[in-house]
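If you read the protein sequences in the order shown, they are chains A and B.
Residue 95 in this note's numbering is what sits at position 71 of the first sequence, and the numbering runs on without skipping anything.
Residue 80 in this note's numbering is what sits at position 94 of the second sequence, and the numbering runs on without skipping anything.
To be clear, the hints were calculated from the coordinates, so they are not data collected in a lab.
Note that the structure is a prediction, hence the values are computed from the model and not measured.
Glycine included, C-beta positions come from ideal geometry on N, C-alpha and C.
Treat the hints with care, since some could be wrong.
Said to hold, decoys possible - The calculated lysine-lysine pairs, modelled on DSBU-like cross-linking and capped at a C-alpha distance of 35 Å, are:
id	chain 1	residue 1	chain 2	residue 2
1	A	K40	A	K141
2	A	K141	B	K66
3	A	K27	A	K141
4	A	K40	A	K27
5	A	K27	A	K94
6	B	K66	A	K27
To be verified - Listed next, with one range per pair, are the computed distances between beta-carbon atoms:
id	chain 1	residue 1	chain 2	residue 2	range
7	A	N82	B	H(-9)	32 to 38 Å
8	A	K94	B	G82	43 to 49 Å
9	A	P64	B	S51	15 to 21 Å
10	B	N16	A	I70	23 to 29 Å
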Amino acid sequence: AQKITQTQPGMFVQEKEAVTLDCTYDTSDQSYGLFWYKQPSSGEMIFLIYQGSYDEQNATEGRYSLNFQKARKSANLVISASQLGDSAMYFCAMREPLIYNQGGKLIFGQGTELSVKP
Amino acid sequence: SQTIHQWPATLVQPVGSPLSLECTVEGTSNPNLYWYRQAAGRGLQLLFYSVGIGQISSEVPQNLSASRPQDRQFILSSKKLLLSDSGFYLCAWKLGTGGINSPLHFGNGTRLTVT
């Protein structure tokens, strides 16, 4: 069963505007972790931001923030003041509780390709 | 600081030939190690992970195998490649003692084309 869903295959945003990339997840656990990664055309995976299921505050890292709505099981990434260098694939990922995920693996969504227009 | 090295960057191999991709991590001990595969324009699929030397967990049945002969070395292999093995292979590590908030750190990937 698909556990991470990213419904936007592609998104366009004007430079300097904000953009929201959607991510919904499916779990019956109370403890889990959510991650966002950026993958430029070079292929490397860059860790952007983390949100824990018990975190009361939405995570922020510079221009990145996470709109975490636990009841709706959504963890949308917000990029403020988009830059041309933000053009990339963005992946949402989830880690289930370590008690039965001893390897600490991440499950990834299918990604959203973001294009920033000048 | 920790670094991860993955090679080669690109590889073109004929069907039926063997494969060996190598990944090493520096600057940490007893990391968890992972091999992911990414089909074109798709998400990452976990192939194998390891929590220690000689310990390999396979996530999906396939034509590939993995080994961890040393603490910070992770190898992905195949005896005979199939066309369906083409893809972008990513090695990753995380702190072995890291909690649920511990991110994976990825290598630069290997783009494998099986012809």
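Hint-by-hint comparison with the structure:
1. A:K40 to A:K141: Given that 35 Å is the threshold and the Cα spacing comes to 9 Å, the pair holds.
2. A:K141 to B:K66: 44 Å, violated
3. A:K27 to A:K141: Satisfied, since the Cα-Cα distance of roughly 31 Å is no more than 35 Å.
4. A:K40 to A:K27: Within the cut-off at roughly 32 Å; holds.
5. A:K27 to A:K94: 15 Å, holds
6. B:K66 to A:K27: 32 Å, holds
7. A:N82 to B:H(-9): 32 to 38 Å: 35 Å, holds
8. A:K94 to B:G82: 43 to 49 Å: Distance hint for K94 (chain A), G82 (chain B) is violated at roughly 29 Å.
9. A:P64 to B:S51: 15 to 21 Å: Because 30 Å falls outside the window, the suggested range is violated.
10. B:N16 to A:I70: 23 to 29 Å: 24 Å, holds
In terms of the numbered hints stated before, the structure departs from hints 2, 8, 9, listed from lowest to highest.
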